[in-house]
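Heads up: the sequence lines are chains A and B, in that order. Taken in order, the first sequence gives residues 1 to 347; the numbers are from the numbering used here. Taken in order, the second sequence gives residues 1 to 140; the numbers are from the numbering used here.
Hints are not guaranteed to be accurate.
Straight line, CA to CA, 27 Å or less: simulated DSSO-like cross-link-like pairs of lysine-lysine [stated by the list, open to error]:
no.	chain 1	residue 1	chain 2	residue 2
1	B	135	A	284
2	B	72	A	63
3	A	338	B	14
4	A	63	B	114
5	B	12	A	63
6	B	72	A	342
7	A	328	B	57
8	B	12	B	57
9	A	63	A	284
10	A	239	A	254
11	B	53	B	14
12	A	220	A	252
13	B	135	A	17
14	B	114	A	338
15	A	87	B	14
16	B	14	A	63
17	A	17	B	114
18	A	284	A	254
19	A	306	A	63
20	B	53	A	313
21	B	72	A	328
22	A	313	A	284
23	B	53	A	328
24	B	135	A	328
25	A	288	A	246
26	B	135	A	63
27	A	328	B	114
I should point out that these hints are in silico values taken from the structure, not numbers from a laboratory. Owing to the predicted nature of the structure, the values given are computational and were not obtained by experimental measurement.
Single-letter residue listing:
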Amino acid sequence: MVGIIGYGVYIPRYRIKTEEIADVWGDNGPQMARGLGVFEKSVPGPDEDVATISVEAARNAIKYAGIDPRDIGAVYVGSESHPYAVKPTGTIVAEAIGCTPYLTAADYEFACKAGTAAIQTTMGLTQSKMIKIGLAIGSDTAQGRPGDALEYSAAAGGVAVLIGEDNPVATIEETLSFTTDTPDFWRREGEDFPSHGARFTGEPAYFRHVGEAAKAMLKKTDTTIDDYDYFVFHMPNGKFPVNMGKQLKVPKEKLEDSLVVRQIGNTYSGSAMMGMARILDIAKPGEKIFMVSYGSGAGSDAFVLKVEEEILKHRGEVPTVDDFIERKTYVSYAVYAKYRRKIKALG
Amino acid sequence: MAEHGVANIWRKQKSMYSIIGSKCTTCGEHYFPPRPVCPTCRRKGQLEEYQFKGLGKIHTFAVVRQAPEDFKRQVPYVVAQVELDEGARLTAQIVNIEPENVEIGMRVRSCFRKITEYGQGGIIVYGYKFEPTMKVTGHD
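Chain A on its own, in the form it takes in the complex (with noise of 0.2 Å):
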């Protein structure tokens, strides 16, 4: 059956404290991370960018897999901050895997839900027999306009996992999505900086959209909260998903351990994801997990993955998404503004 043969993840080591950007900008820094539920969050370092995280997390999957690169028959890189608006990131990633030439690639891009589409792109194309194996990556350098809300979750980090119908670490056992044109959050071409609805991106976009993409997986699949040991929800903010788990009635136990947003803020593509790969890193075999994405714009993807014995036999291949989250050294803004290139006149 078709499944994750494979994970692994990248987060860069510098962070910035909710109370840093706060002071900078007349907020009330432990009110404001206490509200948003983000601590901390990513920051890449002035050599890092979706391609080079995207390789790093890559690596580890494979790595944690134990394949032969030259099995991926096709990568697809999730993203909303490629480096190039035109050259694939996809290719750059294949090549320092080593899995040119015989692929396909391409990149994709659904503000943050692009990973998990590329998981669902890869999981047709192995359940067809085109390919044996497909690499899907979430992976962002989100950015958020200066003073701006979004300033104090947009994080850098991705996931890398491998779709493959040999021996899966964790089965997808079921996915479906839901989709509507809903103007959220948009970047149009040429800006630095995305836009948004502000109060609109939440009851309209993300939690009509997660909230409906569960309730039909439940009813698809014909099972309750109760069927499930972990909930991960797209990771916006700490507050979203926790109201989301509110409203679907999922314990507050269930949904825990995946709320990475809190160290390291949004991921973007990367988001729910890495949710995922953290439970993944803990879970026991034979449980199962409940994952929606959510991309503004707006889709949700819905997962429902079970985990399987053979996940005991990589684990300590790679480092978790622990390490990583507690590898970390603090930047203070005007560093992180440095790194960012918020500073125009360094070029």
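Take the given structure of chain A and dock chain B to it, following the hints.
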């Protein structure tokens, strides 16, 4: 000048991305960057492509505080000669560590980073840098 040096960069891409050099099957010596001829065995040498494991130690290093324009954002940064476990030495930046903590003999492994870019509209050059081995590199 956005297209400056594209072919040159592309030619070196494979060895820059994955530290691919050459190994002489006659004398067993490893070379990086790849060589067309083994300087020891000359005509008797047999060179084949070799992907280095990417592990090594810092042979020597310098902390750069006066950087060229393109690297000012990274100052201060470390440029080191890394001696790979297979024997070859190469020059690379050391990242993921404060410059004051870098030491000669320190174990490092290669990572994938942006090396430079040819202006805002130009090509981005990626390749290897090195970082200390630690938990997140899979080495305790």
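message: residue 135 of chain B and residue 63 of chain A were given as a pair; does the straight-line alpha-carbon distance stay at or below 27 Å?
response: holds (15 Å)
query: If you draw a straight line from the CA of residue 220 of chain A to the CA of residue 252 of chain A, is it 27 Å or shorter?
result: The given pair, whose Cα atoms are some 24 Å apart, holds under the 27 Å limit.
- prompt: residue 63 of chain A and residue 114 of chain B: Cα distance at most 27 Å?
  reply: Holds: residue 63 of chain A and residue 114 of chain B sit about 22 Å apart, inside 27 Å.
field: Holds or violated: residue 313 of chain A to residue 284 of chain A, with C-alpha atoms at most 27 Å apart
entry: holds (12 Å)
message: What's the verdict on residue 135 of chain B and residue 17 of chain A, does the C-alpha distance respect the 27 Å limit or exceed it?
response: Answer holds: residue 135 of chain B to residue 17 of chain A is near 23 Å, not above 27 Å.
- prompt: Quick one, are residue 53 of chain B and residue 313 of chain A close enough, alpha carbons at most 27 Å?
  reply: holds (23 Å)
message: Need the status of pair residue 328 of chain A, residue 114 of chain B: alpha-carbon distance at most 27 Å?
response: Roughly 20 Å separates the two Cα atoms, so the pair holds.
message: Holds or violated: residue 284 of chain A and residue 254 of chain A, Cα atoms, limit 27 Å.
response: Roughly 14 Å between the alpha carbons, so the hint for residue 284 of chain A and residue 254 of chain A holds.
message: Would the hint linking residue 17 of chain A and residue 114 of chain B be met if the CA-CA limit is 27 Å?
response: holds (25 Å)
message: For residue 288 of chain A and residue 246 of chain A, compute the direct alpha-carbon distance and say whether it is at most 27 Å.
response: Holds: residue 288 of chain A and residue 246 of chain A sit about 19 Å apart, inside 27 Å.
query: If you draw a straight line from the CA of residue 14 of chain B to the CA of residue 63 of chain A, is it 27 Å or shorter?
result: holds (20 Å)
Hint consistency between residue 306 of chain A and residue 63 of chain A [alpha-carbon to alpha-carbon, up to 27 Å]: holds (22 Å)
The structure shown violates the earlier hints numbered 2, 3.
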